Amino acid sequence: MNICSKKNIFQQCIVEFLGTGLIIFLGVGCLAASKLTNIHFNQYETSIMWGCAVSFSIYLSFSISGAHLNPAITIFFWLFYKFNKKKVIPYIISQVSGSFFFTILIYYIYYNKLIAFERKYNILRGTKESIELASIFCVYPKKNYTFINDLIIQIIISIIFIIILMGINKKNYFCVIQKKFNPCLIGILVTILHVSLGASYNITLNPAHDLGPRIFLSLTGWKKIAFYTSNNNYFPYFLIPTIAPILGINLGGWIYKKFIDN
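Under my numbering, the first residue of the sequence shown is numbered 1, with each subsequent residue one higher.
Calculated directly from the structure, the hints in this document are not laboratory data. Here the structure is a predicted model, which means the values were calculated and not measured. Don't take each hint at face value.
Listed next, the in silico EDC-like pairs over lysine to aspartate or glutamate satisfying Cα-Cα at most 20 Å (straight line) [stated by the list, open to error]: (1) 143 x 129; (2) 113 x 132; (3) 258 x 129.
Hey, can you work out the whole structure from these sequences and the hints?
Here is the structure:
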């Protein structure tokens with residue numbers, strides 16, 4: 001019997017909320033500390049923090065909700081592994097809400113330092129210069145980016161992620177993880193992807209991690225620039241970290257199911 005069926009939808013959504021939020025709390029908290037304090041983390045250190053955050057969140061939630069913690073994963077299990085379609089929207093809302101509310105916590109914890117940083121460098125929220133602070137909470141394009149290039153890279157990274165993840169978890173469903181170290185392996189996978197590609201490309205494997213903070217930023221002074229590349233460029237960059245993981249994870253999952261786990 002699937003252990004997820006023993007839990008009601010309310011419990012599962014609460015755990016998805018907390019698990020996704022915990023990833024934001026630890027991951028974004030690390031970035032905020034590095035940017036706003038005298039503690040400066042390098043690419044390797046922040047990558048390890050993101051990996052640990054993912055591992056801890058899976059340990060917290062897999063026995064109750066299945067540890068989706070990601071709208072793309074939820075959609076994938078619905079499309080390919082008969083995940084209850086009635087739970088898809090509640091799960092996704094819980095994941096985005098968790099990211100949103102735990103972003104509020106980080107913002108509150110670092111509020112004074114954020115204000116001090118803005119005053120020191122004369123940064124006005126909602127301007128192109130304010131992207132420097134907004135990038136603590138969500139991703140913005142690297143220099144000389146193109147829409148097609150970023151989209152393709154994000155899709156490829158997501159394909160690699162889900163194929164390896166499904167290989168780690170051969171039962172094909174998070175709820176039946178039997179090996180206690182599987183969450184650690186998934187965390188290591190996230191760390192490796194961040195270390196190997198994070199310096200050159202934005203790593204956004206999870207739409208909720210990016211969308212929740214963007215919604216919060218749009219309500220706290222960043223306005224349109226929370227979703228766009230600048231206040232003069234109306235390209236909705238948020239679509240890339242929102243759509244690419246969904247496309248990549250589901251395409252990669254299809255490849256795994258069709259050609260590897262056949």
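Hints and how they fare:
1. 143 x 129: holds (14 Å)
2. 113 x 132: holds (14 Å)
3. 258 x 129: violated (46 Å)
The earlier numbered hint that this structure contradicts is number 3, and it is the only one.
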